[in-house]
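*Asks:* Spelled out from the first residue to the last, the chains are:
Protein chains: 2
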Amino acid sequence: MTNTVRAEVITIGDEILFGQITDTNTAWIGTELTNIGVRVVRKTSVGDQQDAILQSLQEAHQRADIIIITGGLGPTKDDITKKTLCTYFGVGMVRNEIALALVTGFFEKRGREMTDLNRGQADLPANATYMQNDWGTAPGMWFEHEGRVYVSLPGVPFEMKHLMSNRILPKLTEHFKTPIIKHKMIRTVGIGESFLAERIEAWEDALPDHIKLAYLPSFGGVKLRLTATGDDNALLDQELAEQVAKVMPLIEKNVYGFDSDEIENVVGKLLVEKNLTLSVAESCTGGYVSAQITKVPGSSAYFWGSVVSYSNSVKISQLGVQPETLDQFGAVSEETIRQMAEGVRKTLGTNVGIATSGIAGPGGGTPEKPVGTIWIACATDQRTVTRLLKLGQYRDQNIQLTTMYVLNMLREELINQ
Amino acid sequence: MTNTVRAEVITIGDEILFGQITDTNTAWIGTELTNIGVRVVRKTSVGDQQDAILQSLQEAHQRADIIIITGGLGPTKDDITKKTLCTYFGVGMVRNEIALALVTGFFEKRGREMTDLNRGQADLPANATYMQNDWGTAPGMWFEHEGRVYVSLPGVPFEMKHLMSNRILPKLTEHFKTPIIKHKMIRTVGIGESFLAERIEAWEDALPDHIKLAYLPSFGGVKLRLTATGDDNALLDQELAEQVAKVMPLIEKNVYGFDSDEIENVVGKLLVEKNLTLSVAESCTGGYVSAQITKVPGSSAYFWGSVVSYSNSVKISQLGVQPETLDQFGAVSEETIRQMAEGVRKTLGTNVGIATSGIAGPGGGTPEKPVGTIWIACATDQRTVTRLLKLGQYRDQNIQLTTMYVLNMLREELINQ
Chain A
1 MTNTVRAEVI
11 TIGDEILFGQ
21 ITDTNTAWIG
31 TELTNIGVRV
41 VRKTSVGDQQ
51 DAILQSLQEA
61 HQRADIIIIT
71 GGLGPTKDDI
81 TKKTLCTYFG
91 VGMVRNEIAL
101 ALVTGFFEKR
111 GREMTDLNRG
121 QADLPANATY
131 MQNDWGTAPG
141 MWFEHEGRVY
151 VSLPGVPFEM
161 KHLMSNRILP
171 KLTEHFKTPI
181 IKHKMIRTVG
191 IGESFLAERI
201 EAWEDALPDH
211 IKLAYLPSFG
221 GVKLRLTATG
231 DDNALLDQEL
241 AEQVAKVMPL
251 IEKNVYGFDS
261 DEIENVVGKL
271 LVEKNLTLSV
281 AESCTGGYVS
291 AQITKVPGSS
301 AYFWGSVVSY
311 SNSVKISQLG
321 VQPETLDQFG
331 AVSEETIRQM
341 AEGVRKTLGT
351 NVGIATSGIA
361 GPGGGTPEKP
371 VGTIWIACAT
381 DQRTVTRLLK
391 LGQYRDQNIQ
401 LTTMYVLNML
411 REELINQ
Chain B
1 MTNTVRAEVI
11 TIGDEILFGQ
21 ITDTNTAWIG
31 TELTNIGVRV
41 VRKTSVGDQQ
51 DAILQSLQEA
61 HQRADIIIIT
71 GGLGPTKDDI
81 TKKTLCTYFG
91 VGMVRNEIAL
101 ALVTGFFEKR
111 GREMTDLNRG
121 QADLPANATY
131 MQNDWGTAPG
141 MWFEHEGRVY
151 VSLPGVPFEM
161 KHLMSNRILP
171 KLTEHFKTPI
181 IKHKMIRTVG
191 IGESFLAERI
201 EAWEDALPDH
211 IKLAYLPSFG
221 GVKLRLTATG
231 DDNALLDQEL
241 AEQVAKVMPL
251 IEKNVYGFDS
261 DEIENVVGKL
271 LVEKNLTLSV
281 AESCTGGYVS
291 AQITKVPGSS
301 AYFWGSVVSY
311 SNSVKISQLG
321 VQPETLDQFG
331 AVSEETIRQM
341 AEGVRKTLGT
351 NVGIATSGIA
361 GPGGGTPEKP
371 VGTIWIACAT
381 DQRTVTRLLK
391 LGQYRDQNIQ
401 LTTMYVLNML
411 REELINQ
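Line by line, the protein sequences give chains A and B.
Going by UniProt numbering, the letters in the first sequence line up with residues 1 to 417, in that order.
Going by UniProt numbering, the letters in the second sequence line up with residues 1 to 417, in that order.
One chain only, chain A, in its complex shape (with noise of 0.2 Å):
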């Protein structure tokens, strides 16, 4: 088995550290590199600095095989990245014909004036191997220097990620022989992190040393992590299915997913599988509900629509909620969540419904009802099933979570049709 081949991944702009945007960049990276069998090591965020940035790349040099820099390619960032890597690697800046050639048919196409700001985006370091960019004026570039990769990309995400899968991942696992590393997730929602732990450790001692487990608690869900390290692709794969055939029992009820699935995702092929359309009817969720729902490519097949009823007086006219109801037991309450999830079923004519009413806060809370209050439903032609969610104070949590048992319960209905 060759050696591990780490990686490092350095973004540079103020920006970052400022807090003005947050960096999914790495993240993204992160994935890619571990998915061919790269170990990420380190992330480093330094700002507009040369000096920075010159501390970043020599660091890295001693921990990485690969270092790889986003950021600080803008006309407006005067290619601060560029002339330090000139300075990092001692050679000057000499002017791309390609890469000229493209700035100027990306202003051309579009009809604008080119600036000499942005003429100067097709200027590289000499030792710089040119990598097309086929999104943006700033290039990609690739560099060999003491036994090192060094891989220059713009920020922008999508440019980025163009670069990344088209030009760059295809040359690195040409350019190094790495050891086969197997990722599988197991996805749970419902279960807090130490009770699933419990729950699972004998089966987690079991595991044989090259199989690792991580826990990844996120929003809503806790992720199960395995990671199997080798030689041998068919043996990894077949050993950690057998590994989730293991534990699969003791966590059935509470896994929507595995790998990549997301529970929009889930509930998507679920419809698709059983012949079912969808529609939603969102109060405190705001439309969120709808717009996970609608992240899927194709979901058009099977979500019709939603009514995001914020007044009372659209949950009438829309849902045909009761205004009996609403005065007698209120907006939050499991009469008008029933009559929401029917009404929705019913007046957008889908097999199945969907429904939120709650207080999702900061305002809006009553002894009564404190803010974190919210009630979901699903109804099907079988039954309509309800559940009251007792959240927290924080309005975007409090949104996010009812969604994803929103969906939940939607899936653990879908199963049942």
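Calculated from the structure, these hints are not laboratory results.
Check each hint, because a few of them may be wrong.
Chain copies aren't distinguished; within one or between two, either way the pair holds.
[As the list claims (entries may be wrong)] Calculated pairs, DSBU-like style, for lysine-lysine (alpha carbon to alpha carbon, straight line, at most 35 Å): (1) 369 <-> 161; (2) 109 <-> 253; (3) 295 <-> 369; (4) 223 <-> 83; (5) 369 <-> 246; (6) 346 <-> 177; (7) 346 <-> 369; (8) 274 <-> 83; (9) 269 <-> 295; (10) 274 <-> 177; (11) 253 <-> 212; (12) 390 <-> 182; (13) 177 <-> 390; (14) 161 <-> 295; (15) 390 <-> 269; (16) 182 <-> 274; (17) 83 <-> 182; (18) 212 <-> 161; (19) 171 <-> 274; (20) 212 <-> 109; (21) 346 <-> 83; (22) 184 <-> 369.
On the provided structure of chain A, position chain B as indicated by the hints.
*Replies:* Just chain B now, with coordinates in the frame of chain A:
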């Protein structure tokens, strides 16, 4: 003026390196530290390995006055952070009775049985000042060591935020004498970074040395961040206000807000000011527009509801779109978007109605209407405006950009009301 206080943020967890979770904590911490005049000079993510954590602590010690550590405190993490801090500081672990009482109470309150794993969370390095976590069982810790302050916090975002806001930030402000750093953010939409840069070039070049400008391109807009450093609070505010007054005439029509203003908050304020109500008809955005609007606490004061009409039948039954219009022009057409905006306004009985309809992709494109062809509209009692967007091929981007543009269209209409 006192010297700049420098901070580094270290996040601990394989799940961050492997990209299993996106680190949103450090962006939030970066903002909060920046706002109290602390300069964040680096962010580092390392795995759950003692040697890597120790190395990152030693490096940070060389560069920073404040070292903030998040993560590695969960029960199943075997509290790697605490054990490593004991090694780093050369101290032993001591059970903290206040922490134990809180952990015990936390479980009693929830009627759950406490495990030894949980009990262990009350053990702290001997030199730790215990910082009470009101929202979970993982402790906050404050250390003073060789003239530096070390802070250890749980990785769960809402627990970390609670500890930072209520315990750590006040203590840091008290402990360090920091120069005054003031920020002013100008948020623009509908103009590219390099074009914005050229338009304000003369103004930018004339900025005094102690006021810096940064361009922060983000989805659907570019933010301009002015940073002023000095020791006279009132003077800095005045100088920033003067610079904003100078640049505004050049970019007025592209500016939707300042500082933390999000477009959904800006339109919310306008609707309240003008005492107008809003409804939304969403096709391709699938609920995302509504979800953004309802992220704002108190949005129920002006937002009555939405119809997410993914299927044509819902466009007809809920929005009153004419079947002939759909037959003749299709769902993605100026005629349809007009009827959707006017329809939702009428059906839900609001003053203003906005609508989106298009091909978000990846499927559904045609030669005449490729993926990214999206119509938006805004209907008031005075008129209905429509606009055709020609966006890219990425579903998520198309949904987010369309939302930004339709909310900005709403903003422009509200200003004229």
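*Asks:* Of the numbered hints stated previously, which ones are contradicted by the structure, given in increasing order?
*Replies:* 5, 6, 8, 10, 12, 13, 19, 21 and 22
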